[in-house]
Amino acid sequence: MTSVLLFILAILLAPFYSAVILKVKAFFGGKKGPPLLINYYTLVKLLKKGSVYSTSTTAIFKIGPMVSLCAAFTVLMFLPIAGQPPILSFQGDVILLLYLLGLGRFFTIAAAMDTASPFEGMGAAREAYFPIICEATLFMILILFYVITGELSLAAYFSSGQPAGFWQAAGAPLLFVVLALFIVLLTENSRVPVDDPATHLELTMIHEVMVLDHSGPDFAFIELGSFLKLFFYATMVTRLICPVTIGHPAADLVIFLATMGVVYVAVGVTESVMARYRMDKVPQFVLTSFALAFFATVISLEFLK
Amino acid sequence: MLAINPFFLAVGIILGSGILPLLFLWRRFVLMKAVASFGITAGCLIGLIDAILKLSHGVDWASSASYLHAFRLAFHMDGLSAFFLMAIFLVSLLAAVYSYHYMDDAQKTIRVAVHYLFFSLLVASMALVVTAANMITFMLCWEIMSLSSFFLVVYNYENDGNRKAGYLYFIFSQVGAMVILAAFGVIYSHAASFGFEGAAALPETAKLLVFVLAFIGFGSKAGVFPFHVWLPHAHPAAPSHISAIMSGVMIKCGIYGILRIYALLGWHTPLSGYIVLVAGMISGILGVVYALGQHDIKRLLAYHSVENIGIILIGIGLGMVGVAAGNPVMALLGFGGGLLHVLNHAIFKSLLFMGAGMVLHKTGTRTIDVLGGVIKKMPITGTTFLIGSLAICGLPPFNGFVSEFMIYIGGFRGAALGQADFALSLLAIVSLAVIGGLALACFTKVMGVVFQGEPRSRAAEAVNEKGTSMITPMVVLAGACLVIGVFPGVFAGMALKAAEALQLGYGRVPLAPFMQLTGNITLGALLFFTVLVSILVLRIFLYRGKSVTASGTWGCGFTQPTARMQYTGSSYAGSILEFFGPLAPLEENHPPIEGRFPAKTYYQSHVHDIAERHMQGVIVSPVLAAFDKLRWLQHGDIHLYIGYILLAIVVLLFFV
Amino acid sequence: MIHPVDSLLALVLLSVLISFASSRLPTLIKAVAFQGVVVSIVPFFMGHDLTVGGVVFTLATMVIRGIGIPLCIYLAIKKVAIKREVEPIIGYNASLLAGLLLIVAAAFVSPKFNLPQISVNALLLPTAITLLVAGMFLLMARRNAIAMVLGYIMMENGIYVVGTSFSLRAHHIVEFGILLDVLAGVMIMAIILQNIKQTFDDVDTAHLRTLKE
Amino acid sequence: MVELVFIAPMLAGIVAFFLPPTAGRPLLVLTGAAHLALSILLWALRPEALFPAYFAVTPEGLLSLLVISLLFFLIAIYTTAYLKAAEIRSENIFTGSMLLFLSTMTMVTLSDHIMVMWIAIEATTLASAPLIYTHRSAASLEATWKYVLICSVGIALALLGSVFITLSMDVGDVDVPVAFSSLMGVAQQLDPLWLKTGFVFILVGYGTKMGLAPMHTWLPDAHSEAPSPASALLSGVLLNCAYLGIFKTNKVMHAAGLGDFSGTILMTFGLVSILAAATFILKQTEYKRLLAYSSIENMGIIAFGTGIGGIGAYGAVLCLIHHSLIKSSLFLCSGNILLGYGNRLISATGQMARRMPKTFVAFFGGFAGISGFPPFGIFIGELFIIMAAFRTGHYLAVGLFVLSLCVIFAGFARHVMKISFDDVDTTIQIEETSIMVWPQYALLTTSMVLCFWIPETLYQTIVQALATTGGGF
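Chains as they are written, first to last, in my numbering: chain A, 248 to 552; chain B, 2 to 657; chain C, -7 to 205; chain D, 823 to 1295.
Chain A on its own, in the form it takes in the complex (with noise of 0.2 Å):
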């Protein structure tokens, strides 16, 4: 029961907090910025709106947004928030997870390369190509948690106390996990250094440039889908950062969505410090995240046994 609550609470949450990633950035560029509820006011214009859809997109344009908001309410069932177990788990969940958000990828960019515009075909190229680094990542993290647990869900690596059994187990070289997993976070929502949301120009965007044509309720599922997918990755980093558990639910609960604004305000703050990179520079940094956890993982099995 808890968990489902936990559930819905996550879908109602992500939009703020990616609502927070705007304020912190418009506080260092010295503004005022727009109110934490922006999010939900953007989502309720876009569902009470209608659609123009291109003459040259098929089908596969407007199944698109249903599957990565699909994949992404999937991805959230299996994930244990604030140290409670998920809806849903079982062993080898974390790769049905993994493919899952190669599904919704796969759509996504699907859906960009309907529509015939040569922008959002250069946006979907760059999408289907840092995320292979990244899964390679996740992978090797993966592995870790596996051979320190020997579990394969997301269940028995976040919730209660396991997070701090990683801690013990690997130590030191854990640290390296949670910087690879941040990058990865960064990556995989686009965010900078690896692409800029709030960019104009387009030929400069990844996954702006690719959900251009859409419009209306579509754009909603994309933009509460994306939201969620940062969520996710997002829990998964805090749970690492902050393992701690109380034990009483509530306590854990406000510690969680604490720890949590603490990391999106990271993420804003590495967006206002930081410059994107230029676009062959991004496969090097996506890759240090893989090298930091092939170093983590190599190190703490082979090693510091």
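There's no promise every hint is true.
To be verified - Straight-line alpha carbon distances no greater than 27 Å define the calculated DSSO-like cross-link-like pairs of lysine-lysine that follow:
no.	chain 1	residue 1	chain 2	residue 2
1	A	Lys272	A	Lys292
2	D	Lys1105	C	Lys204
3	D	Lys1240	D	Lys1180
4	A	Lys279	A	Lys292
5	B	Lys547	A	Lys309
6	B	Lys165	D	Lys1180
7	B	Lys109	B	Lys467
8	B	Lys630	D	Lys1105
9	A	Lys292	A	Lys270
10	D	Lys1105	D	Lys1240
11	A	Lys272	A	Lys528
12	A	Lys295	B	Lys547
13	A	Lys292	A	Lys309
14	B	Lys630	C	Lys204
15	C	Lys204	D	Lys1240
16	B	Lys109	B	Lys165
17	D	Lys1240	B	Lys165
18	B	Lys377	B	Lys467
19	D	Lys906	D	Lys1180
20	A	Lys296	B	Lys547
21	D	Lys1105	B	Lys165
22	A	Lys309	B	Lys377
23	B	Lys109	D	Lys1180
24	D	Lys1240	B	Lys109
25	A	Lys309	A	Lys296
26	A	Lys309	B	Lys378
27	B	Lys378	B	Lys467
28	B	Lys547	A	Lys292
29	B	Lys630	D	Lys1240
30	C	Lys71	C	Lys22
31	C	Lys204	C	Lys189
32	A	Lys278	A	Lys292
FYI, nobody ran anything at the bench for these hints, they're computed from the structure.
Model the placement of chains B, C and D on the given structure of chain A, informed by the hints.
Frame of chain A, contents of chains B, C and D only:
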């Protein structure tokens, strides 16, 4: 006894309906096609049912006939054979149906008839290869398989490229066969019988030799890097349903050979696993990288066969490591996953080749970058191709995911073993992930450039989707992808039954734990669908009474976009290929743009296959040079000719 | 006391030297003819089978080897007026020297084979070996086609010596068959020679080197 | 009875010389048919020879005899068509020599006396010389000259070798007729030194005729210059006759317990021949020479197999039979190609698949067969040889063997692909009558059948022939 055996009945029917057209039917084109394709279909159906029954009931049967007085032609079907037979007959069946409308050039009546002869020969020989129970029988069927497939490759010999492809394939298959023969020879030299039974008693070193030789020989048929050179040439050259068979099942005979030899040797050392694993990873990654760089859709699919063979080998390799480490679950996950992927790849690869064949047949071109927007005119082809793409990328809820899932879990088990096993399993997992990502990039490219967007040329505009016999198989295969993807239980069970036949010494495999895994997949898939449906409902609700208008794509401020401005496949893959530069040297060629009013320019790019490059430099040229040095021996002067004779005598007299 | 056969054989060896040294075909032919005569009567002198058949056979052999075969070649020359040079690849003096060495070597090695006949005729085996190798030598060292054919005949003579005088097996009929074969072979060669002459207006084998890789 | 088999064609040949040119054609076919009938009769009855000292019906002899007479019959049928298409001066000489050639070869297969065998083999050289010179061109003259001289010299050495064998009898104080069959019994008492010497000389001598490198030099010239039916005979059966001499001597060696000695030498020559063939096949420019070198390769394979003995020898015999069938059909096809394209260069040919489909089927089938693909018999022969080589532990040798086979295949395939498929702009000068292809089809079909089913009697004969060479498996 042979006559009533359903297996031989099936083979007989197939052969018969292949020979029939050439005998007298070739004057009546349509009738000939109908008889041939129907006959082959019927034969395959019988064989398929027989194989499935044998597999589910786990019946072993053997039968043999005297051959040249002193020897026997022996056949034996166990779980492994039955499993491969299932794949072979399934794909061949659909290919036969497909061929009816695909081979519609009434000018080439005789050639089509010949094609059906070799088609049937190929199917029959493949079926016999996977049931052959001694060396003579095996080599016999194997060589017939190579020969018949060769003739199918050079079907369109007017095209120079196809001739080159045929030649390459001919050489590789013959050399491969010789290497296999050598492997058998080593077995024979110790066992002193043409049966396979003696293999288990070989000394360790001999086993290593046999395994390596066999792996090279069978690998060259399966398309393992670096013996895959012939594959991307030969598969596109053949007619599309033949490409489907070759890519879908013929190369799997190589996998079968490797598995069979492993089972026969009973050589349960980690070394074998390591060899297979490494080969698998390299083939997997390089295969998909080269695929990304292709401009020819069938060539691209051919390279994906190399990739998938790599995945299969990773699975098998993990299995072998598991056996060596005494870890039954890992072993069965590895072998089971690998075997299941054999079936899955057979299904979605033939689906993809048939789709590509449809496009080729209607547009007359295989070049990706001149196509586009095909899906609007070919909805069924497009949709099935999309499903195939999702499946080959290993995405849920389609069949590709299931096998990769099993292999992944096997890999994780291996990672827990430590030391070399840990390192290799870790690499295996990572390379699987990378392969998945790259495959996704590659097939979004194919879908996006070929089927979606706007047509880039006349050829791509004027298309239709006629030919029921071509559409039906694609629909069936797409259905199979989904069914296996959502309800993998029974199929995984079959794969495990096949793995039992490898004599890993586990006896009957308890299916429960694996069924639980597959059950989870079903659960996940169903969950996914429920969510999707609910979102769909939500969407319908949201769009109720909304204004939905159509307009042009937003050109980002550019007002006159043309179809040729779309992102091409080359540019789509460009940045990824740069990343793999050293492994896949990219050769570009475009004249610089000069002057205020630049002339019409062009851009060409070609990705070199390093194996192909080095084969020329390292093997072919030196051999030619070495033999060239000896050609003066035949210089035409009779005096020295007589000198040779004297020389021979004198030399020999020293040994008397 | 010197066995009469040995004196004959000595002459044969001499004829070999002459054939090596001479630049003219007729000389060569005569030498070969002489060898033919000698080798065919040697077995007669050797003393086994003094039967009528033996005599007849010996005479017949002598006629064919000593007269028939050389005559073929001689006629071939006559008919097409071939020029009389042998066109050596290895010069005459060198050939002569080689011949001497050959004979010495033959005389040196022949006692090594312990054969019953050696004791009787010391020169028999050396002659045989010499004739054999000399024939080979001519085959390889002369560009003139006719000289090569003569070399072949010389070889045959050598083999005949070995055959007849060392093993008493072969029946006359068989030996006769062999002889006929050789004769026919030489005749065919003669015909070819004529054709060569007609085609190239020369019998220099330098013309016959077009078929090669 | 036995002698009749070679006397009949001899008489026919002598008659043919005096017949008007074209009258020879039916005579050719008729003699072929009669000869075939006689040989089958011989096979069935296995009668005693009239002169048992010189002639005998031996299993190996019967095998070659049957092959010879089957081939000759089919080739004779083809020849009639060929002679129609190709204009040949003084055709009666051609037909006459063909018949004499047949008779001499038959004599080889039936002769038992060592010297008689030598006579017969030398006679084949003489009888076939006119065949090679049929075209009366400078090149054919050169080919004939080389053929006659080199073979005569080589065979002269074989005579010497035979003499040495008799010598070995003297030294060993054995008193039996100088016939292979009688030698088998007393082989143990023969003086090994002279026996070995004899074997060496005989091997080199008959090897020259058989086309073993490095004595093979005459072979490509002769085969390429002779008219195709003659080439088919030369390559198909003449080589077998020469091989028969070596085979029989090898049997004596085995009986004398010198099998290893002879085996090693045979294997070496086999490998050398295969390598030589590979050398010249790779960049060959004329298809008839290509086929000739392929014959050298196959002779090498056969020698190799014989050297290994056991099941390898069995494989060698199979290779021998099937090589005769397939190679002769290939040479007949080459005749069609020559008539069709009017050029013996590979570069001038192409697209045979469409231009001469009937010939193409036979040609490509023959190629597949000769390079060891089923359903043609050479496949099984080579398989046995390779397996036997492994069994006897000649790993290095078999490695070399397999490698060079691959090289040869690569070279051969390239040329065949060129001839069959590549584009070329010429017009075909003849249209293929069925009689110009049916003989090839018949030959290939025979090979196909024999690949899967060998008649009991044939099998027994082969086993008898191999009985003493460590046969049996």
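Kindly indicate which numbered hints from before are broken by the structure, ordering the numbers from low to high. Hint check: nothing fails, all pass.
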